[in-house]
Amino acid sequence: MEYLRLIGIIIIILGFAFKLDTIAVVVAAALATGLVSGMSISHVLTIIGKGFMDNRMVSLFFLTLPMIGVVESHGMKQAAVNGISKIKNLSAGKIFNLYLAIREITDAFGIALSGQVQFIRPLINPMAQAAASVKHPLTEKQVDLIKARAAATDNFGNFFAQNLFIASSGVLLMASTMKSLGHNVSTTSIVLYSIPVAVITFVIVGYYNIRFDKKFDIDK
Amino acid sequence: MNANNILEIFYVLMGIIMIFASIESFRDKDNSARIGTGLFWLILGLIFAIGRYLPNLVIGLLIIFIGILSLMKQIKVGKLKEVNKELAEKSAKKLGGWLFFPSIILAVLSILISEFTKLGGQVGIGIASVVALIVAMILSKADAKTTYHDSERMVRSVGTAGILPQLLATLGVIFTASGVGDITAKTISGIFPVGNHLLGVVLYCVAMVIFTMIMGNAFAAFAVITAGIGVPFIVAQGGNAAVVAAIGMTSGYCGTLMTPMAANFNSLPVALMEMKDNLGVIKQQVPIALSLLVIQIILMYFLAF
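First to last, the protein sequences are chains U and G. Under the UniProt record's numbering, the first residue of the first sequence carries the number 1, and numbering increases by one thereafter. Under the UniProt record's numbering, the first residue of the second sequence carries the number 1, and numbering increases by one thereafter.
If we strip away everything but chain U, and leave its shape as in the complex, we get (with noise of 0.2 Å):
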């Protein structure tokens, strides 16, 4: 029966859909698949090892992060948000969009800002909640429609950038399997094909966010 060999497919996906722990589905789909195919125990254990030790560039990245620790218990992250603080006189889906290019800015660079927590709650969020209100107060309805753009900014900022930078987990996971399947490819260019749906994510998203301002300008 050689469809039994699909048995770690069906783990991966269905330990990752009932949410229990990831690192040991994953070990348990990579035992599973290697043993229904008529491996020994030993040669499974061997390949398990081989591939893990082939595998050590995709973890590369620890090697950044040192350093960031260093940038940010030196005040990096103040640093973001005294100057993202400045920004005034715009309507909330500018605001939204400046931090857009931020967002994708800083995640070229691997600067991992925490988004959620770091920006939209304290400061993007209350941003474009004061902008929007200029010319009418706010219903209920509104102020989550802004929580939630704010919020789907950031994943978009933060998604489609992330892998312009070439020591991401993600490029390197990209390289190491392809390598795995048997298909060399550079992590430089990983990056460089990556750039177009950086640009028009950014495009198409800006165009969203400044459709976004005509909800709150309709005069009653």
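One or more hints might be untrue.
As the list claims (entries may be wrong) - With a straight-line cut-off of 30 Å between C-alpha atoms, the simulated DSSO-like cross-links for lysine-lysine are: (1) U:Lys86 <-> G:Lys85; (2) G:Lys79 <-> G:Lys93; (3) G:Lys93 <-> U:Lys94; (4) U:Lys77 <-> G:Lys81; (5) G:Lys94 <-> G:Lys145; (6) G:Lys79 <-> U:Lys86; (7) U:Lys214 <-> U:Lys135.
Unchecked claim - Each pair of labels, with its calculated beta carbon distance range: (8) U:His43 <-> G:Glu86: 53 to 59 Å; (9) G:Ile210 <-> U:Val117: 25 to 31 Å; (10) U:Pro122 <-> G:Glu86: 17 to 23 Å; (11) U:Lys86 <-> G:Pro287: 27 to 33 Å; (12) G:Ala3 <-> U:Ala17: 36 to 42 Å; (13) U:Asp213 <-> G:Ile23: 50 to 56 Å; (14) G:Glu86 <-> U:Asn184: 57 to 63 Å.
What the hints contain is simulated information worked out from the structure, not anything from laboratory work. From the three backbone atoms N, C-alpha and C, an ideal C-beta is built for every residue, glycine too.
Please arrange chain G on chain U, whose structure you already have, making use of the hints.
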């Protein structure tokens, strides 16, 4: 000395940083799982520092042991030494934008080394990380002790999530060795013909979205779907592997935008800002996610072939 030997030096450095995290995890009296957590970082540290001298069978056994530790809930972040807010505030005023300088050095230098030397991308990241750290230490006048604590704090805060990408890549190796890709390809090609470029691209991108939505994790979907669909249906047909990887992964992110399974991104803000609508963030993201998916399918089709 070739690039691979230089890379080994950086793996040893990584192992040392992980051993720092291990020492501090063992010392963390407030962590109910301090022994397990300390062991977790110690094992990883040893694998990176001296793993090349160990038989692969032993490495495999250690990975299984980590899996068991994690299953038993014996790996926890624990209590991290918090950043001194007052000091950080003061230093932020003094250094301002210069605090971003080391990150810029890291990104630019690693690209330059990768493009203009024979050392390759990985060694580039290694050298650039060390240079950027030295620059950060000079800028902030951080001493060895501060740097040690900053390093162990960052590594510990990453936790088991930090090792997940490497484990997923390892799973890819097992899948290849067991012929999983060939079987899925054979199964799917019973329904969809292999060889139609556009169909292959649509199939791969849409599968990335759906599986990411089910699993809540694009990295996990990438390991599975690229082996099963991406490589046989696109790369094996002459598609550019870098294009397939880059755009395939971001197609998966479109799935992340639309699923409550990705709680970190879609539910955390709802809780943080006390929103009324539980699905509010997702609703704002769906139009962009679907537009980007269509755009990415078109992009992949034209860039890959």
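Do the hints match the structure? See the list:
1. U:Lys86 <-> G:Lys85: Given pair Lys86 (chain U), Lys85 (chain G) holds - Cα atoms ~20 Å apart, limit 30 Å.
2. G:Lys79 <-> G:Lys93: 28 Å, holds
3. G:Lys93 <-> U:Lys94: 26 Å, holds
4. U:Lys77 <-> G:Lys81: 17 Å, holds
5. G:Lys94 <-> G:Lys145: Between Lys94 (chain G) and Lys145 (chain G) the Cα gap is close to 22 Å, so the pair holds against 30 Å.
6. G:Lys79 <-> U:Lys86: Violated, at about 34 Å.
7. U:Lys214 <-> U:Lys135: With a Cα-Cα distance of about 12 Å, the restraint between Lys214 (chain U) and Lys135 (chain U) holds, given a limit of 30 Å.
8. U:His43 <-> G:Glu86: 53 to 59 Å: 57 Å, holds
9. G:Ile210 <-> U:Val117: 25 to 31 Å: 29 Å, holds
10. U:Pro122 <-> G:Glu86: 17 to 23 Å: 18 Å, holds
11. U:Lys86 <-> G:Pro287: 27 to 33 Å: About 31 Å separates the Cβ atoms of Lys86 (chain U) and Pro287 (chain G), which means 27 to 33 Å holds.
12. G:Ala3 <-> U:Ala17: 36 to 42 Å: Holds, at about 40 Å.
13. U:Asp213 <-> G:Ile23: 50 to 56 Å: 53 Å, holds
14. G:Glu86 <-> U:Asn184: 57 to 63 Å: 50 Å, violated
Going down the numbered hints, you'll see the structure goes against 6, 14, while the others check out.
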